[in-house]
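K.L.:
Line by line, the protein sequences give chains L and X. Each residue of the first sequence is one higher than the one before, starting from 1 at the first, in our numbering. Each residue of the second sequence is one higher than the one before, starting from 1001 at the first, in our numbering.
Calculated from the structure, these hints are not laboratory results. No residue lacks a Cβ here, since even glycine has one placed at the ideal position from N, Cα and C. A portion of the hints provided could be inaccurate.
[Unchecked claim] Away from chain L, derived, C-beta distances all over 12 angstroms, residues of chain X: (1) Ala1031; (2) Ser1075; (3) Glu1086; (4) Arg1115; (5) Phe1119; (6) Ala1140; (7) Ala1158; (8) Tyr1236; (9) Gly1322; (10) Asn1399; (11) Glu1403.
[Said to hold, decoys possible] In silico SDA-like pairs for lysine to any residue, Cα to Cα no more than 20 angstroms straight-line: (12) X:Lys1160 - L:Glu310; (13) L:Lys172 - L:Phe153; (14) X:Lys1146 - X:Pro1064; (15) L:Lys193 - L:Asp164; (16) X:Lys1160 - L:Glu309; (17) L:Lys193 - L:Ala166.
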Amino acid sequence: MEAEASADAFGVRRLAATSEAGPSLPRTIEDPVLLRIAGSASRTPDSELTVFVGRSDAPLAGRLPVAGRYERQGQLLRFTPAYRFVAGQDYVVRTRRDGELPRFTEFDIPARIDAAPARVSHVYPSGGVVPENVLRFYVHFSVPMAPHRAWEFIRLRDSVGVPDDAAFMRFKQELWNEDRTRLTVLVDPGRIKRSVATNLALGPALLEGNRYALTIDAGWPSADGESVLPAWSKTFRVTAPLRTRPELGQWQWRRPRSATVEPLEARFDRPFERHCLGTALRVAASDGRVIAGTSQVGENEASWSFIPEEPWPSCDLRVVIDGGLEDVAGNSFRGVLDRDLSAVVGKSPPCNRVPV
Amino acid sequence: MRKNSTHDFSLSVSTSIEARPPREAPAGGPALDLRFAGALTFSPEGVLFVGDNHSGSIYAFEVPAETNGAPTTPSSVRNIDAKVAEILGVRAGAVEINDLAVHPVSRDIYISVTRIGSFSSEPGIVRVSARGELGLVDLASLSFQKQALTEFPSDDTAFKVRSSGPTPPFPRDVAKGAVAIRSLAIMDLEFYEGELFVAGVAYDNFRSALRRISYPFDGTQHVAAVEMFHIAHDQYESRAPIRAMSVQEIDGKAQLVAAYTCSPVVLVPLAEIVDGAKISARTIIDLGNGQPLDMIAFERNGQPMLFVTNNSRSPQVIPVEGLHGAKVVTREDLPRGGKFDMHPLMPFGPVGKTMMFEGVPLHMALVGDAHFASITRDAYSGDLNLDVNPASFPNRIHNLLSEADFPPIDSDSDSPAAGG
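Let the hints inform the model, and build the full structure from the sequences given.
P.N.:
What follows is the structure, encoded as structure tokens:
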């Protein structure tokens, strides 16, 4: 069999006929099988060209040929299957010429999966305003991205576009999630924490009252090399630093009515860190039984809502909050990231149970 | 470079030939848009009726045939589903078999199938000739008529999820709950004296319905709701559809004999099937639990009989003679409570005889006047086979080992060892 095997971008085996005597094989499920034939039309078409399901390494005896339509146009015999070929299915074409042994040519049609182009799908904090001591940004991509390239493309720029190449921590290992679609961009804590060497030498990366942009220059390839990220940027305004623990007393609650599936809603005193927020709040009945349902993080990560699977029971609800939940500046109910070394912090332990 | 030129060559040719357009029905009729090939039946003249539960239509194809003078003999096509898959260009397992019917003239067997693709499914009709040759029927080359069903359930009405016993529903039960009710719109087709009778569900509240459509189709159809008393369930039921039926002359009039799941058999006089009617079917039999598959009319020693197959019981042969004057049962006639198979009253009525059938006869039809064609799931191998066997004993015997299978003992020898 004079066929040449090659692998396409998906690693799928493909066969392409290279001999003038062999059939021309379909490349898509719409294509027919074509065979250039010798002049005489004395033989029946299916004795010259037959398609079977399967491979040629299993016996063809007893297998029935794929049903379809034969057309002869001059020197060309064309076979169109009654049903389109199935992507991923092995087929074998048997061709036979007068006085020759039959030849077998395998083909399959790779499933075409149109990969989504690389783009930035989300960034957190998602709001247009961040505190001066914001600790991290999460950048989400539509497809897995090529690793070890982030710092060629990601910059913090000031309002006139001047980059600050010392703004972010550049670990040897980039902070990716498992499938490399989410990168954690950590602001150098040394720039944030007051009285630390970098802070003293370079000053904070972000200054209250100014505008900055998180930018990604064009050209970062996706992991599969199929697409390239276009230029992207997110502009934000910087407000005063957040150096206190979250204040539960300032959260506003919207209580649902019992026997309904109205959402339970909370409006926070500040934006929280997006990914902890997804799992940090649980809803329980007054007897401690956890209530199943779906939670949703609201705009700017400053609110949250929960819809129960079953209608609400008629009892008090408790929202149990993970004490490790951090705000966008890394402060949690357990403590603040950047403690003022000149003051003594003494507060009661965090109350993380909320009667609703 | 040669590889590229081959590719270009193939592209340039494939754009130069137009696919043959599907044949239009005569006189500006509808285009062939069959989306599902389900229930099948033939008219005595060889019109093949095909129930399309996806689009809510019945197609009638004129299937020409030459008279087959040869007598019908037993035959077998092993792994019929795998053979159909080969013809349709897919792997074994990517084919579902939906029904079977036999051409009254040629005695060729027609099988409705679904070809399951990656993202969609397509219908097909496969013919098996009396010589056991398989071929795909080119429906586009046949003249056809199409009748859309009135009162066709919407595609978002589904079953409820039900589990058996105290355990939560299994995934298979949940999957059943997602089945669209419209897939039961056409359960069985029966052609009788120029009219097509259709059992199934109509409306979104799943009402069990009988439809009556004259052929050639002229656009008129009657839809009647059917209620019946279910002996085993001890209640009147109006939602679950008739699974299999046959028209018989009973008590001097044409009546539909119809079998339901779990498994009442009822009578409905054809005269009562008029548009908008609410029919109270006459319950005369309860075979016991199980789901009927087919009801085949045949003759045994000159007597009309009904061969009722079931997915969970042996076939029942019901003599039509026993249905004349049969007692009609209502709720007042029996003690309260469900009556499963072990209840003393079950099976109830003129049920006839249970027949041996080896394997599960998933689809069955009469061939000629004395043979059954059956697509049977083999009890041991699980193979799906197409068999033609005599109606008097419609069995494969390869799975049976009885006295008859043993070699004869030499009667002249004193002991078996002496022969060796």
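K.L.:
Confirm or reject each hint.
P.N.:
Hint check:
Taking the minimum C-beta to C-beta distance to chain L, about 18 angstroms, the non-interface status of alanine 1031 of chain X holds against the 12 angstroms cut. Even its closest Cβ contact with chain L, about 16 angstroms, leaves serine 1075 of chain X beyond 12 angstroms, as expected for a residue assigned away from the interface. Separation of glutamate 1086 of chain X from chain L is inadequate, the least Cβ-Cβ distance of about 4 angstroms not exceeding the 12 angstroms criterion. Look at arginine 1115 of chain X: its CB is around 6 angstroms from the nearest CB on chain L, not clear of 12 angstroms, so calling it non-interface is violated.
At roughly 10 angstroms, the least C-beta separation between phenylalanine 1119 of chain X and chain L is not larger than 12 angstroms, which violates its mark as non-interface. At roughly 10 angstroms, the least C-beta separation between alanine 1140 of chain X and chain L is not larger than 12 angstroms, which violates its mark as non-interface. The claim that alanine 1158 of chain X lies off the interface holds: its Cβ sits roughly 20 angstroms from the closest Cβ of chain L, which is beyond the 12 angstroms cut-off. Tyrosine 1236 of chain X, annotated as away from the interface, keeps every beta carbon of chain L farther than 12 angstroms; the closest lies near 33 angstroms.
Once the 12 angstroms rule is applied to beta carbons, glycine 1322 of chain X is consistent with being away from chain L; the minimum gap is 45 angstroms. Every Cβ of chain L is farther than 12 angstroms from the Cβ of asparagine 1399 of chain X; the closest lies at roughly 22 angstroms, confirming the non-interface assignment. The beta carbon of glutamate 1403 of chain X sits about 34 angstroms from the closest Cβ of chain L, which is more than 12 angstroms, so the claim that it is off the interface holds. Simply put, lysine 1160 of chain X and glutamate 310 of chain L have alpha-carbon atoms about 18 angstroms apart, close enough for the 20 angstroms limit, and the pair holds.
Between lysine 172 of chain L and phenylalanine 153 of chain L the alpha-carbon distance is near 16 angstroms, which keeps this suggested pair within the 20 angstroms criterion. At roughly 18 angstroms between alpha-carbon atoms, lysine 1146 of chain X and proline 1064 of chain X fall within 20 angstroms of each other, so this suggested pair holds. Taken as a hint, the lysine 193 of chain L and aspartate 164 of chain L pair is honoured in the structure, with Cα atoms around 17 angstroms apart against an allowance of 20 angstroms. The straight-line distance between the Cα atoms of lysine 1160 of chain X and glutamate 309 of chain L is roughly 18 angstroms, inside the 20 angstroms bound, and the hint therefore holds.
Distance check on the hinted pair: lysine 193 of chain L and alanine 166 of chain L sit about 15 angstroms apart at the alpha-carbon level, within 20 angstroms; holds.
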